[in-house]
Amino acid sequence: MSFPKKHPAHRHLRRLTKLKRKHYHPLIHKIHKEHNISKKTLFYVKEYGPHSNVPRTILKESIRILMFASLISSFGGLAIENIKSLFIAIVPLVIMLPVLNDMIGDYGTIISSRFSTLLHEGRIKRDWWKNMELRRLFIQVVSISLLTTLLSSALSLSISAITGYAVNQGIILKIVTVATLDVLVLVCVLFLVAVLAGIYFFNKGEDPNNFLIPITTSIADFGNMIVLSLLVMLLF
Amino acid sequence: MGLFGKDAREILVSQMVLISIGIVTGTILAMSTDKILLVPGMLILLPGFLEMRGNISGSFASRLSSGLFLGVVKPDKYRTKIVKGNLIASFLLVLAVALILGIIAFLINLFMFGIFSTRIIAIPLIAGMIANAIEIPLTLFMTFYFFRKGHDPNNIIGPFVSTSGDITSIVAMLIALVIV
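These protein sequences, in sequence, are chains A and B.
All residue numbers for the first sequence refer to our numbering, where the first residue is 1 and numbers rise by one.
All residue numbers for the second sequence refer to our numbering, where the first residue is 1 and numbers rise by one.
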């Protein structure tokens, strides 16, 4: 944002960057009304403007949530560590592990970043469950996740068969069931968490981008390990 | 816009790429289970280490995307204060998180399995530095590239970062295992 020095908006924007980060200041509303600069731009200027220390702001906002995410992920890893010998014997699942982890995490990232954008653009109202764009996003993510899960199951089973792993009808059914249930359950949980946490952090005056992605990806990671471990113990 | 419009196609295409590369990563993992599992507690470390890339680079790309859409970040200018600040923060965050992951795995090893091994702290730190040097600049260039090409980086960069991050992370971890 650059305005000539004598322009009233220039003076207002300089004041805005000096505000304490957590304070919602009437100045935001004033600049928005007087100069027709969108609130999302003003929010960004306040967070990462010329007088703010960008790395410090990001580190301060992100480090705690990332520590939490690391802790959660490690406990997820502990669940797999406990069934290490059983899990490693199921080659198609070992091959699928990074795909499942990434895929569920990615859906978390997509839901989080798209929902953050909707929040910044002011398109989410109090009755968010009636929002058509949000419903559309949910149907999109669920449909695509089902399709990609089936495809990745087919690929991992094919590679396992090529490398000499005994693939029969029973194994195919079990692998597809484990993968599909795992993805479906977690996508629904992630969607709910992203929406509720997104609204909470946005209302607190924080940038949901810095919180939602670590939260949803660590839930995806932890949840994936737990649900996968449970399904493996149940079906194998 | 229809239910399965441009957005859905972008997600689907990026997921197809993710699956292909992810399966390659999984095959590398399945082939190197004996090496990775030699160090006790590696499975405790692995999910967090793989996830770290998505968490840090994903947020990095998401912040840049928001800035690009708002016009605060210009798609042809890399040397601005916001971009530099984001780069420094992402580098520092990776080092901090890798250290935390190592310490958690070390403590779980010590208190739950009675194993004292400081290697588990050094491995994520070294692997994090190797993966960082590739992944963070790559995320920056790809976010700007997709934006310039008229795509929404929010739909593409998440899968891209976690997929490329998985391969870099697994390879970096194998290198770190050799170094330590």
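Incorrect hints may have been included.
[Unchecked claim] Below, simulated BS3-like cross-link-like pairs (lysine-lysine); rule was C-alpha separation at most 30 Å, straight line: (1) A:Lys174 x B:Lys35; (2) B:Lys149 x A:Lys204; (3) B:Lys74 x A:Lys60; (4) B:Lys74 x B:Lys149; (5) B:Lys81 x A:Lys60; (6) A:Lys204 x B:Lys74; (7) A:Lys125 x A:Lys204; (8) A:Lys60 x A:Lys125; (9) B:Lys149 x B:Lys6; (10) A:Lys125 x B:Lys6; (11) A:Lys130 x B:Lys81; (12) B:Lys6 x B:Lys74; (13) A:Lys60 x B:Lys6; (14) B:Lys35 x A:Lys60; (15) B:Lys77 x B:Lys149.
[To be verified] Where chain A lies over chain B, by a calculated footprint (3+ residues, C-beta under 8 Å): (16) 60–66; (17) 79–92; (18) 103–114; (19) 121–133; (20) 139–149; (21) 152–161.
Source of the hints: derived by calculation from the structure; they are not laboratory data.
These numbers were taken from a predicted model, which means no experiment stands behind them.
Glycine is no exception: its CB is placed at the ideal position from the N, C-alpha and C atoms.
Quiz item: Between Lys81 (chain B) and Lys60 (chain A), does the CA-CA distance stay at or below 30 Å?
Solution: holds (18 Å)
Quiz prompt | Hint consistency between Lys6 (chain B) and Lys74 (chain B) [alpha-carbon to alpha-carbon, up to 30 Å] | solution = This hinted pair holds, its Cα atoms lying about 24 Å apart.
Quiz item: Within the assertion that chain A covers the segment 79–92 of chain B, do at least three residues meet a Cβ-to-Cβ distance smaller than 8 Å?
Solution: Coverage by chain A holds for the segment 79–92 of chain B (9 residues, Cβ < 8 Å).
Self-check item: 8 Å C-beta test of the segment 152–161 of chain B against chain A, three or more residues
Solution: With 4 residues close enough to chain A, the hint holds.
Quiz item: Within a Cα-Cα threshold of 30 Å, do Lys60 (chain A) and Lys125 (chain A) meet the stated pairing?
Solution: Cα-Cα ~29 Å, so holds.
Exercise. Measure nothing beyond the straight line between the CA atoms of Lys35 (chain B) and Lys60 (chain A); if it is 30 Å or shorter, mark the hint as holding.
Key: Not satisfied, since the Cα-Cα distance of roughly 37 Å exceeds 30 Å.
Quiz item: Is it true that the CA of Lys130 (chain A) sits at most 30 Å from the CA of Lys81 (chain B)?
Solution: Roughly 40 Å between the alpha carbons, so the hint for Lys130 (chain A) and Lys81 (chain B) is violated.
Quiz item: If you draw a straight line from the CA of Lys204 (chain A) to the CA of Lys74 (chain B), is it 30 Å or shorter?
Solution: The hint holds at about 28 Å.
Exercise. Given the hint that Lys174 (chain A) pairs with Lys35 (chain B), test it: the Cα-Cα distance must not exceed 30 Å.
Key: With a Cα-Cα distance of about 28 Å, the restraint between Lys174 (chain A) and Lys35 (chain B) holds, given a limit of 30 Å.
Exercise. Given the hint that Lys149 (chain B) pairs with Lys6 (chain B), test it: the Cα-Cα distance must not exceed 30 Å.
Key: Between Lys149 (chain B) and Lys6 (chain B) the Cα gap is close to 14 Å, so the pair holds against 30 Å.
Quiz item: When you check the alpha-carbon spacing of Lys125 (chain A) and Lys6 (chain B), does it fall within 30 Å?
Solution: holds (25 Å)
Quiz item: Hey, Lys149 (chain B) versus Lys204 (chain A), does the alpha-carbon distance stay inside 30 Å?
Solution: violated (34 Å)
The earlier numbered hints that this structure contradicts are 2, 11, 13, 14, 19 and 20.
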